[in-house]
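A.B. asks: So the protein sequences, as listed, match chains D and E. When we follow this note's numbering, the leftmost residue of the first sequence carries the number 185, and every step to the right adds one. When we follow this note's numbering, the leftmost residue of the second sequence carries the number 185, and every step to the right adds one.
Be a bit skeptical, because a hint or two may be false.
For chains that are exact copies, the list does not tell them apart, and a pair is met inside one copy or across any two.
Straight-line alpha carbon distances no greater than 25 Å define the calculated SDA-like cross-link-like pairs of lysine to any residue that follow [as the list claims (entries may be wrong)]:
{"#": "1", "residue 1": "209", "residue 2": "278"}
{"#": "2", "residue 1": "217", "residue 2": "487"}
{"#": "3", "residue 1": "387", "residue 2": "533"}
Calculated directly from the structure, the hints in this document are not laboratory data. No experiment lies behind these values; they were computed from the predicted model shown.
What follows is each chain in one-letter form.
Number of protein chains: 2
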Amino acid sequence: MMKLEEIRKGIQPIDRQWLDRASEKTAQLVMPKRALGRLHEISERLCAIQRTLQPSIRRKAVLVMAGDHGVVNAGVSAYPQEVTGAMVQTFLAGGAGINAICRQVDAEVFVVDMGIKAELSGLDLPGSDHLVTRKIAPGTADFTRGPAMSLQEAEQSILFGFEEASKLYQDGVDILGTGDMGIGNTTPSAAIGAVITGVGLDKMVGRGTGVDDEGLTRKRKAVSRGIEVNKPAVENGLEVLAKVGGFEIGGIAGCVLAAAFHRRPVVIDGFISTAGSLIAHALCPAVVDYMFAGHCSEESGHRYMLDYLNLDPLLDLGMRLGEGTGGALSMSIIEGAVRIFREVLTFEEAGVADKE
Amino acid sequence: MMKLEEIRKGIQPIDRQWLDRASEKTAQLVMPKRALGRLHEISERLCAIQRTLQPSIRRKAVLVMAGDHGVVNAGVSAYPQEVTGAMVQTFLAGGAGINAICRQVDAEVFVVDMGIKAELSGLDLPGSDHLVTRKIAPGTADFTRGPAMSLQEAEQSILFGFEEASKLYQDGVDILGTGDMGIGNTTPSAAIGAVITGVGLDKMVGRGTGVDDEGLTRKRKAVSRGIEVNKPAVENGLEVLAKVGGFEIGGIAGCVLAAAFHRRPVVIDGFISTAGSLIAHALCPAVVDYMFAGHCSEESGHRYMLDYLNLDPLLDLGMRLGEGTGGALSMSIIEGAVRIFREVLTFEEAGVADKE
Chain D
185 MMKLEEIRKG IQPIDRQWLD RASEKTAQLV MPKRALGRLH EISERLCAIQ
235 RTLQPSIRRK AVLVMAGDHG VVNAGVSAYP QEVTGAMVQT FLAGGAGINA
285 ICRQVDAEVF VVDMGIKAEL SGLDLPGSDH LVTRKIAPGT ADFTRGPAMS
335 LQEAEQSILF GFEEASKLYQ DGVDILGTGD MGIGNTTPSA AIGAVITGVG
385 LDKMVGRGTG VDDEGLTRKR KAVSRGIEVN KPAVENGLEV LAKVGGFEIG
435 GIAGCVLAAA FHRRPVVIDG FISTAGSLIA HALCPAVVDY MFAGHCSEES
485 GHRYMLDYLN LDPLLDLGMR LGEGTGGALS MSIIEGAVRI FREVLTFEEA
535 GVADKE
Chain E
185 MMKLEEIRKG IQPIDRQWLD RASEKTAQLV MPKRALGRLH EISERLCAIQ
235 RTLQPSIRRK AVLVMAGDHG VVNAGVSAYP QEVTGAMVQT FLAGGAGINA
285 ICRQVDAEVF VVDMGIKAEL SGLDLPGSDH LVTRKIAPGT ADFTRGPAMS
335 LQEAEQSILF GFEEASKLYQ DGVDILGTGD MGIGNTTPSA AIGAVITGVG
385 LDKMVGRGTG VDDEGLTRKR KAVSRGIEVN KPAVENGLEV LAKVGGFEIG
435 GIAGCVLAAA FHRRPVVIDG FISTAGSLIA HALCPAVVDY MFAGHCSEES
485 GHRYMLDYLN LDPLLDLGMR LGEGTGGALS MSIIEGAVRI FREVLTFEEA
535 GVADKE
């Protein structure tokens, strides 16, 4: 298994010269200067990531990282913990939101059990060929009483995510979306967001799947207590993950590192995926060059996380499901951007007069 | 040819009962309550438009309405007028932005010559089977000196648009996107926007394809003079179109009326399509029930038009190309919404426990 330090050393920022070359090509397209706005930025960054003026996206996949959370004991979620395992089974059966969106954008869905309570491996489930078991433990510890996991487990969760994403990239996946499942996981995500961005808990902690006012108060208290009890060092991404994170969040951080390491694009989803991205960014700031933010979640803290990473989301449709749905839905925008760059004629080719 | 009055009488608002039925179905989907935000609103409105709980979108098309504008004499555009005909040829050849986006979303592109200066019919152009010639005149008159067209021509442009869109809907197109091409057409669109919404010219008149500061001043003066000279009656959509509009804008108004008349969804594009929609709305306010706003244009006045129609755009990506690109790109979002509604299992089917 590759070590975290090797991974970090293997990541380079994108080469700005490719952005310039791509931008020159954009200027020749038969349309007013940069008239398709952010679509040009997307295609140009893909050129820089792929080091080509013929960017391409063929195979697409979403990797849904699943884990359970000890902090649900503090009454932070509107749903019982068994839902995590039940939803993983729904993903495998093709019946969840992420499956429907992925059929729309022609992406495959894979699920990684990073540490859910349920034991699904070995069961003869429909779709189980799309389940990978990298279970670190059956759920994290309750971080209001101590660290969610050990430093070793935190590193392992990142490396497992890195390995699973790397396999997909090596198998020819051109773009990967990150997804998550884990009842209670907006709570560790908010804790990570608060520690790393410094934004207050009133803004960073939201209703998740839909807790009521009392639930929201319990959730803010749990996050506050988790930070107080564990005192994670803000500059140490691994420690933040260990003390107030989750196994699937570490897995997502690993996916983001894998994208940058293999020089491929990754589309992150909402609140939980972005918490994972904050961990990856803390470990290696250059990862952002390879990231696209699929959407802005309805979860209020998400915008602050994206601002911290200097990422502008592609969609803003009031979504707050997770699973990878926002990232997957945005893949058609990214593919549209690629087509514009590759398929639109130049002024010269079209025989059209440019601006007077 | 059907008369405008018959069309207006044939349009009914959607039945709110279908929205309620659809909303009950949404509540059963295996996810937190309405966790996919606007995707639910889209699918529910499609249920109401199609009067079914099995909404479907199979065949998609974009109808690009093209016309030229006498007001370009006032120096309102950064591009020469010949570009209109040249771009129409680029659409037919498949080399423009709208073609690339439509390949991405699997939609066909049809172009209607509503009144361009160039004479393309009868020429043996590649792709000319996708060109329909409904030329009212080779360009409008300069509206700074009198009406852009006669009332009869205005009505004819709407009826031509209605007929062409109706043919597509009758041929089995499930969703139609409106598009436009016409050098100078942000100027009549801004005039229509200012007259109908009452928003001032400083906000409603923008840079279009990219005029400089002096061009912008000329453009504001032209719109101001056009309104002053013609004094269109704000409550009379046909008169507003005749006095300060354009043939392709009338055609777009006809497309929107056709959607509502045939009870099918229409996705409008940016500034020019929305100006056409303002005309359609002035003639028959119920049309908005059948409309989706594809994106928010970078052209500053667009937001005011959308607000007036009470439409919230699906995308906001800094696009300002027109051609129908924003509407077409949003079709994949709309299709994703349909899949969520139809394909996601219910809590019961998935065997997942709902909220505690």
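A.B. asks: For every hint, state whether the structure bears it out.
C.D. replies: Hint check results:
Taking CA atoms no more than 25 Å apart as the test, residue 209 paired with residue 278 passes between copies only; the shortest distance there is 19 Å, against 41 Å inside one copy. When the C-alpha separation of residue 217 and residue 487 is checked against a cutoff of 25 Å, the pair qualifies only between copies, where the shortest distance is 21 Å, while the shortest distance within a copy is 30 Å. Proximity of residue 387 and residue 533 under a CA criterion of 25 Å is satisfied in neither setting, with 52 Å inside one chain copy and 36 Å between copies.
The structure fails hint 3 only (numbered hints given earlier).
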